[in-house]
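Undergrad: Based on the provided sequences and hints, a complete structural model is requested.
Protein chains in written order, with the working numbering: chain A, 1 to 195; chain B, 1001 to 1568; chain C, 2001 to 2241.
Only true hints are included.
Derived DSS-like pairs: lysine-lysine, alpha-carbon spacing no greater than 30 Å straight-line: (1) C/2180 - B/1233; (2) B/1064 - B/1313; (3) B/1233 - B/1473; (4) B/1064 - C/2180; (5) B/1064 - B/1233.
Here are some chain A residues the structure puts well away from chain B; computed CB gaps all over 10 Å: (6) 34; (7) 100; (8) 104; (9) 182.
It should be emphasised that the hints constitute simulated quantities derived from the structure, not laboratory data.
Quantities reported herein were computed from a predicted structural model and do not represent experimental measurements.
From the three backbone atoms N, C-alpha and C, an ideal C-beta is built for every residue, glycine too.
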Amino acid sequence: MKVSLPVAMGAALLLTGSAVTGLRGQAPMTFIVESPTMTTGRFMPRDYSPDGRNLSPPLTWSGLPAGTRQLAVISQDYGAGRPPPWVHWIIYNIPGDAGGLPEGIPFDPDHPMPPEIAGAVQGNNGWGLPAYRGPAPPLGSVHHYHFAVFALDEELDLPPGLDRRELLLAIEGHVIGQGDMVPLYERQPMNQFPR
Amino acid sequence: MTTQLRGTDVVIVGMGAAGGVAALPLAEAGLSVVGLEAGTWLDQRDFAPDEIRNNYRDWPMLVKKAEQERPTSRATSATRANQIGGHPMMNAVGGTTLHYWAQSWRLNPWDFQVVTETTARYGASRIPYGSTVEDWPFGYDELEPYYDRVEREVGISGQAGNVRGRINSRGNRFEGPRERDFPMPPLRWTAFHDRMAEAARSLGWSPFPGPAAINSEAYQNRPGCGYHGFCNKGGCPINAKNATHITTIPRAVDTGNLTVITRAHVTTLEVGSDGRVTGVNYVVGSNEYFQPAQVVLVASYTYENVRMLLLSKSRAYPDGLSNNHGQVGRHYFSHHQGAGVGAFFPYDLNSWYGLPAQGVAVDDWADDNFDHADLGFIGGGNLWIMSDRRPISAANMGTYGQSRNWGSAWKRFIHENSDRTHGSYIQKTTLPYEDNYLDLDPTVTDPLGLPVIRITGQFKDNERAIAGFMQDKMEDWYREAGAIEINRGGLGNTMGASTHAYGGTRMGDDPETNVVDRWGFSHEAPNLGVLGASVMGTSGARNPTLTSQALAWRTAAHLVESWRDIAE
Amino acid sequence: MTDSNGRRPAISRRDLLRTAGAAGAAALVPGAVAAATEVTPATASPEVAGQGPVGSALPAETAPFVARALTNLTAREAEILSAMVDRLIPSDEMGPGALDAGVLRYIDRALSEAESDAADAYRAGLAALDTYSRYTRGGPFIDLSTVDQDSVLIDVQIGAATGAGVGFVGGSGSFFNMVKSHTWQGMFGDPEYGGNVNFAGWDLLDYPGVRLGVSPQDQRDLEAGQLEPVRRSAYDYGMFE
Chain A
1 MKVSLPVAMG
11 AALLLTGSAV
21 TGLRGQAPMT
31 FIVESPTMTT
41 GRFMPRDYSP
51 DGRNLSPPLT
61 WSGLPAGTRQ
71 LAVISQDYGA
81 GRPPPWVHWI
91 IYNIPGDAGG
101 LPEGIPFDPD
111 HPMPPEIAGA
121 VQGNNGWGLP
131 AYRGPAPPLG
141 SVHHYHFAVF
151 ALDEELDLPP
161 GLDRRELLLA
171 IEGHVIGQGD
181 MVPLYERQPM
191 NQFPR
Chain B
1001 MTTQLRGTDV
1011 VIVGMGAAGG
1021 VAALPLAEAG
1031 LSVVGLEAGT
1041 WLDQRDFAPD
1051 EIRNNYRDWP
1061 MLVKKAEQER
1071 PTSRATSATR
1081 ANQIGGHPMM
1091 NAVGGTTLHY
1101 WAQSWRLNPW
1111 DFQVVTETTA
1121 RYGASRIPYG
1131 STVEDWPFGY
1141 DELEPYYDRV
1151 EREVGISGQA
1161 GNVRGRINSR
1171 GNRFEGPRER
1181 DFPMPPLRWT
1191 AFHDRMAEAA
1201 RSLGWSPFPG
1211 PAAINSEAYQ
1221 NRPGCGYHGF
1231 CNKGGCPINA
1241 KNATHITTIP
1251 RAVDTGNLTV
1261 ITRAHVTTLE
1271 VGSDGRVTGV
1281 NYVVGSNEYF
1291 QPAQVVLVAS
1301 YTYENVRMLL
1311 LSKSRAYPDG
1321 LSNNHGQVGR
1331 HYFSHHQGAG
1341 VGAFFPYDLN
1351 SWYGLPAQGV
1361 AVDDWADDNF
1371 DHADLGFIGG
1381 GNLWIMSDRR
1391 PISAANMGTY
1401 GQSRNWGSAW
1411 KRFIHENSDR
1421 THGSYIQKTT
1431 LPYEDNYLDL
1441 DPTVTDPLGL
1451 PVIRITGQFK
1461 DNERAIAGFM
1471 QDKMEDWYRE
1481 AGAIEINRGG
1491 LGNTMGASTH
1501 AYGGTRMGDD
1511 PETNVVDRWG
1521 FSHEAPNLGV
1531 LGASVMGTSG
1541 ARNPTLTSQA
1551 LAWRTAAHLV
1561 ESWRDIAE
Chain C
2001 MTDSNGRRPA
2011 ISRRDLLRTA
2021 GAAGAAALVP
2031 GAVAAATEVT
2041 PATASPEVAG
2051 QGPVGSALPA
2061 ETAPFVARAL
2071 TNLTAREAEI
2081 LSAMVDRLIP
2091 SDEMGPGALD
2101 AGVLRYIDRA
2111 LSEAESDAAD
2121 AYRAGLAALD
2131 TYSRYTRGGP
2141 FIDLSTVDQD
2151 SVLIDVQIGA
2161 ATGAGVGFVG
2171 GSGSFFNMVK
2181 SHTWQGMFGD
2191 PEYGGNVNFA
2201 GWDLLDYPGV
2211 RLGVSPQDQR
2221 DLEAGQLEPV
2231 RRSAYDYGMF
2241 E
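TA: Put into structure tokens, the structure is as follows:
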């Protein structure tokens, strides 16, 4: 069962906005986020969208700051949402020694996480689902999809189902590093891809 | 070919909440009354506790006049009006009282004098910009005897809070003084109601049971409520809901002076060269009739009352009956009942059996019961905690972010939590504004080819500010009772169609700004009366039915006393 | 023209239903098929599971679903719809699912009665669901793994399956919501309408059942967890005949 965050913490977030600050207000260091199947600035494969199997894409990271105990990932589109961003995916409690995320993380809470990220849980995306749901921009428009990865200095054991606001609030003060990659997507007319 | 019928003293158009009450004093006084009703008689056998039929299909299935005349709706005159999805009212003898919630509130004294009271306490500048609100032409005290009469004739249960100035803290200490207690004690509370009342008290508020047109014990030879849980949009299978088809209408019929014509679809009113109403045109199936009458009382729903007048064009009234001052359709508003608050509890509420009229009210934040000096609005709202849960609606509950709303995980969620949510009902002061109004839709028509009503209405800053304020209070109350999750609806924008639709034929002394006079009769056509919430100029934070009924009784009583002046 | 003052003539709801159901069936299917799948309003108590009309109007409602033509849907459409509602409310350790509870029959009857306007939306939507499954997951919906079926349904629900060439009319989300709404009605509504077989839906919710009168003691028993649930249709109370 999801644990409610105290109302007062919500007020604190409103004051700090969505900017994530590190320890003692220092800017977190950056590290490298990559994917075996996606590249920043290039179109991602349609299997990561509802034009295909809508699997969560694989990610890898390197050069994490020393003392990284845990990671969190938010995938979001700053070109959608009222207000932006529209959140496609939230996953956290990722073990600090994981080198990345495999493709196709289960969208069903009844299905176990892959062993290398045991303990990871998913938060609620813009559709209110604790799962990855890929890009579905309006036909004919190209959108940018930010996969932001946060390195945390502590094992937080957060409950599943947090939304973006709640997650940012929960990791506030624990972010010691940050990295991201930004692939693109444009909706494909589906009848051009008969299988 | 129109059949000319024999004349009668009074025709009442609509045998519902208001018309069904007005018929009784008229018939008892010996006047010959014809009640025209688009629907039919329904009875206990029609009122199966069946959620699919009541709440998901178009019950009752017999007559669908209201449904065929669904208004169109838009926020402002700059936007396009679309026909609403379904009409909330029904056609039957007894009208929507057959399936309504039956909350039967009096307005509070402040509601009759919003302008005077606000100006005296806070200054005239606090009347919201653009509002056309006026004081009623009389105060609460004038209506009190009629409230009292109707509470007995119809049968209202409740707990008095102010009997002739003596405050009883078990009732609503903010209510206007009443002559005596309710004829029946209030409906019972459940353990959850007790818990919410206790939470209200610990916040320093004054909880009390609400008034209902539901028998809490045997009354008028009918039984007390069975709390079966299908009251919301359902008729009562044991006749414990005091709809007019089992209360005032049969008693009026028993005098021998009321004739109820069912399936009578009234189209227009006829007017003579002297500007007096001569009778009404109606159709039954494909047959057309003209019913002459000395006096006509229109008592259909707000949208239909206004529509009938606007459709009844004549030489004397080229813009519609009683509309030579351009006031028909003006001062319209639908009650702000939205902007709800939902709560999720870590314990079962045991709400399967009960009804929307059973529950805990808090009036501390209603009307002018609290200081508005530092607030950006006038008026307030009534907080209402009720019982209303049935299987399909329970299974459709929001999952508060804890599960997808289908699949195996959801089955576990719903098994655990189907009885753990609650939705509040918060009625709020809603005012009339210059640019909110009813008129005839320029393109959409009913099956007879007559235009339907077009609603142009938007909640303004005052209503939205109340809504946010009341949501805060409601959240405080739920959390005090242990809620672990809260969600809130939007603050409101387009008014849309409502079961609480007011104005359009407003009552007041000034014919320049009102359609009917202080007695409910037209300022222009003296033998035309209007019954229903379309005459009300303010809503308060209350369901309108009891006030409509008290006003209907008062109009009828006035007609009896002044028969010569009005009818001849 | 008037039935004034006397009350209305006695027409029972079941008479109305019977008339409407028969007319709807006759209009939509050839006589032979209509006879084979006749929708018969319940007339006796469903308390005896599988023997009353709630259990007998169609065969095999508590047995595994066998695809066949319904009154309003082809065998192929019925097959896709049954796979869909089976994922919405699966049969699992929590108890019977939508198929066991007769939801398919509920929907089929509804399409002959109150929801007859929705028949076209069902046909178009089920075809689009299948097209979308083939384009995006490589096979017809009924052949996908349950994981892929769920993934498809999520995309249909959130409106993401609304693309060129798929064929959802007015967005995939409205099709999903329509089917979900009818599935919930069939699962949790009164068994009179052909669903909620053996009160599977009410058991899942721990709904204490349809009672015409609930005494103060009943309410206290409910609050103490000691009220025995009632398992009968509203129409088993004789007064609503």
